[in-house]
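Novice: Counted the way full-length UniProt numbering counts, the sequence shown spans residues 1 to 412.
Hints were generated in silico from the structure; no laboratory data involved. Some hints could be false.
Stated by the list, open to error - FRET-style restraints, in silico, Cβ to Cβ:
| id | residue 1 | residue 2 | range |
| --- | --- | --- | --- |
| 1 | E205 | R226 | 18 to 26 Å |
| 2 | R105 | A44 | 26 to 34 Å |
| 3 | P384 | D33 | 25 to 33 Å |
| 4 | A221 | G363 | 45 to 53 Å |
| 5 | E409 | G354 | 43 to 51 Å |
| 6 | A299 | A385 | 31 to 39 Å |
| 7 | E142 | G354 | 19 to 27 Å |
| 8 | A299 | D39 | 41 to 49 Å |
| 9 | G405 | A221 | 54 to 62 Å |
Positions of the beta carbon are idealized from the N, C-alpha and C atoms, including for glycine.
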Amino acid sequence: MTVQLLRGGRLASGEVVDVRVDADTVTAVVPADGGSGLDRAGAAVTDLTGYVLCGAFAEPHTHLDKVFTADRVTGHDGTLRGAMERYATVLGEASDADVRARAHRALRLLVGHGATAVRSHVGCGRLLGVRAVESLVRVRSEAADVVDLQLVAHVGPPGVGESWRSHRARLHDALDAGADVVGGNPSIEPDPVAAMEECFAVAVERGRPVDFHVDETTEPAVLTLRHLARLARQADVPVTASHCVSLGQQDPALAADVAAEVAEAGVQVVALPATNLYLQGRGGGPSTRGLTAIDTLRAAGVRCAAGGDNVRDPFNPAGRLDPLETAALVVTAGHQAPRDAWHMVGRDARAVLGLPAAGPRVGDRADLVAVRADSLEDALALAPAERIVWRAGRVVSRIAVTRRGPVHEVGA
Numbered sequence: 001m002t003v004q005l006l007r008g009g010r011l012a013s014g015e016v017v018d019v020r021v022d023a024d025t026v027t028a029v030v031p032a033d034g035g036s037g038l039d040r041a042g043a044a045v046t047d048l049t050g051y052v053l054c055g056a057f058a059e060p061h062t063h064l065d066k067v068f069t070a071d072r073v074t075g076h077d078g079t080l081r082g083a084m085e086r087y088a089t090v091l092g093e094a095s096d097a098d099v100r101a102r103a104h105r106a107l108r109l110l111v112g113h114g115a116t117a118v119r120s121h122v123g124c125g126r127l128l129g130v131r132a133v134e135s136l137v138r139v140r141s142e143a144a145d146v147v148d149l150q151l152v153a154h155v156g157p158p159g160v161g162e163s164w165r166s167h168r169a170r171l172h173d174a175l176d177a178g179a180d181v182v183g184g185n186p187s188i189e190p191d192p193v194a195a196m197e198e199c200f201a202v203a204v205e206r207g208r209p210v211d212f213h214v215d216e217t218t219e220p221a222v223l224t225l226r227h228l229a230r231l232a233r234q235a236d237v238p239v240t241a242s243h244c245v246s247l248g249q250q251d252p253a254l255a256a257d258v259a260a261e262v263a264e265a266g267v268q269v270v271a272l273p274a275t276n277l278y279l280q281g282r283g284g285g286p287s288t289r290g291l292t293a294i295d296t297l298r299a300a301g302v303r304c305a306a307g308g309d310n311v312r313d314p315f316n317p318a319g320r321l322d323p324l325e326t327a328a329l330v331v332t333a334g335h336q337a338p339r340d341a342w343h344m345v346g347r348d349a350r351a352v353l354g355l356p357a358a359g360p361r362v363g364d365r366a367d368l369v370a371v372r373a374d375s376l377e378d379a380l381a382l383a384p385a386e387r388i389v390w391r392a393g394r395v396v397s398r399i400a401v402t403r404r405g406p407v408h409e410v411g412a
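Make the full structure from the sequences, and use the hints.
Specialist: Spelled out as structure tokens, the structure:
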């Protein structure tokens, strides 16, 4: 059994500690004493002086099938509908090798930044079938030693003359091909309630979690989140609602009522600031903030996580695949405290994915990230590249930075 001693790391609380890891579990956390009161016999020692040590991040919502395709699509208007229409024109061009290469590149960045668990929505339906799902199932197997990858069957709308009832077969096909979670974007369909119910029925039938794109619009009249909460109360499957942008546009009293229903139903919410801030609030009218009502949801007791969503594709041309970038946006645009934002990309994101607790706490899984910084707040603000990442007690990434030149000696 591998034994590790992580010495001198600073916790989010500011306490400097030594941590013992046996195999994949944290077995001891004690105040650092310079020599460590922990038994070093047979242990591999890592000096974490100058690092903040926390539980590893999780990415609860990304699109590995679309990532790094921004340069393939031009001329759309920056709206969600425009991005969907333009992306559809190149959807069939991606080969299995192309999808896998882009996904692996994205995962290397995510893991290097400290995310040891990732949930990716994967397009499936009449235009693509299950080809992208099959490609990412291969990626999941190829990367299994370094990251926990969950795949959501993000089913597209029915074709002309089809109904959601007949279209359900495509969801079953995607699950049969290896997808883990039932997804889709029912709120943009002509009959959102029927679409949601049909997709939800597949999840119940197959005993799979649900993670829908919900109310991805600043139009207050679109509010299907309440219906999803009602469905969730009647079912015994985990339910996640991603986006929920229109909730942030509601009258505060109505938003609070909906949030209470969401909390009662046990629905979890994933805020996606980067893509929603890019796509929403366009059209020439008064600017609106394309974010869900995080404060209202959290006050009601709803678990809220935050994800990076689209990166370098038609839906968002920017992004670093770094949970600390997402956390910073949650602070700046979502008005959350730095520590709460950190939890939204760490502890709460893991919980949304249904994964066990991870972090420098006795009994937790040893999925950890050490960031070269003086404090949690410094780490979030500066997002230093220098990080060490453990998954199940094994180092899966170590990034070191060398700084040269006289400027780095001034005032040192």
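Novice: Quick check: does the Cβ-Cβ distance between E205 and R226 fall within 18 to 26 Å?
Specialist: The hint (18 to 26 Å, Cβ to Cβ) holds, given that E205 and R226 are roughly 23 Å apart.
Novice: G405 and A221, beta-carbon distance inside 54 to 62 Å?
Specialist: 57 Å, holds
Novice: Lying within 43 to 51 Å: is that true of the beta-carbon distance E409 to G354?
Specialist: With a Cβ separation near 49 Å, E409 and G354 satisfy 43 to 51 Å, so the hint holds.
Novice: Go ahead and decide if the range 25 to 33 Å is satisfied by the Cβ distance of P384 to D33.
Specialist: 27 Å, holds
Novice: Is it true that the C-beta distance of A221 to G363 lies inside 45 to 53 Å, as the hint says?
Specialist: With a Cβ separation near 48 Å, A221 and G363 satisfy 45 to 53 Å, so the hint holds.
Novice: Should the hint that R105 and A44 are 26 to 34 Å apart at their CB atoms be regarded as holding?
Specialist: 30 Å, holds
Novice: Could you check the hint for me, namely that A299 and A385 are 31 to 39 Å apart, CB to CB?
Specialist: 36 Å, holds
Novice: Evaluate the given range 19 to 27 Å for the C-beta pair formed by E142 and G354.
Specialist: 22 Å, holds
Novice: For A299 and D39, compare the CB-CB distance with the range 41 to 49 Å and indicate the outcome.
Specialist: For A299 and D39 the Cβ distance comes to about 45 Å; the hint holds.
Against the hints set out earlier in the document, no violation occurs for any number.
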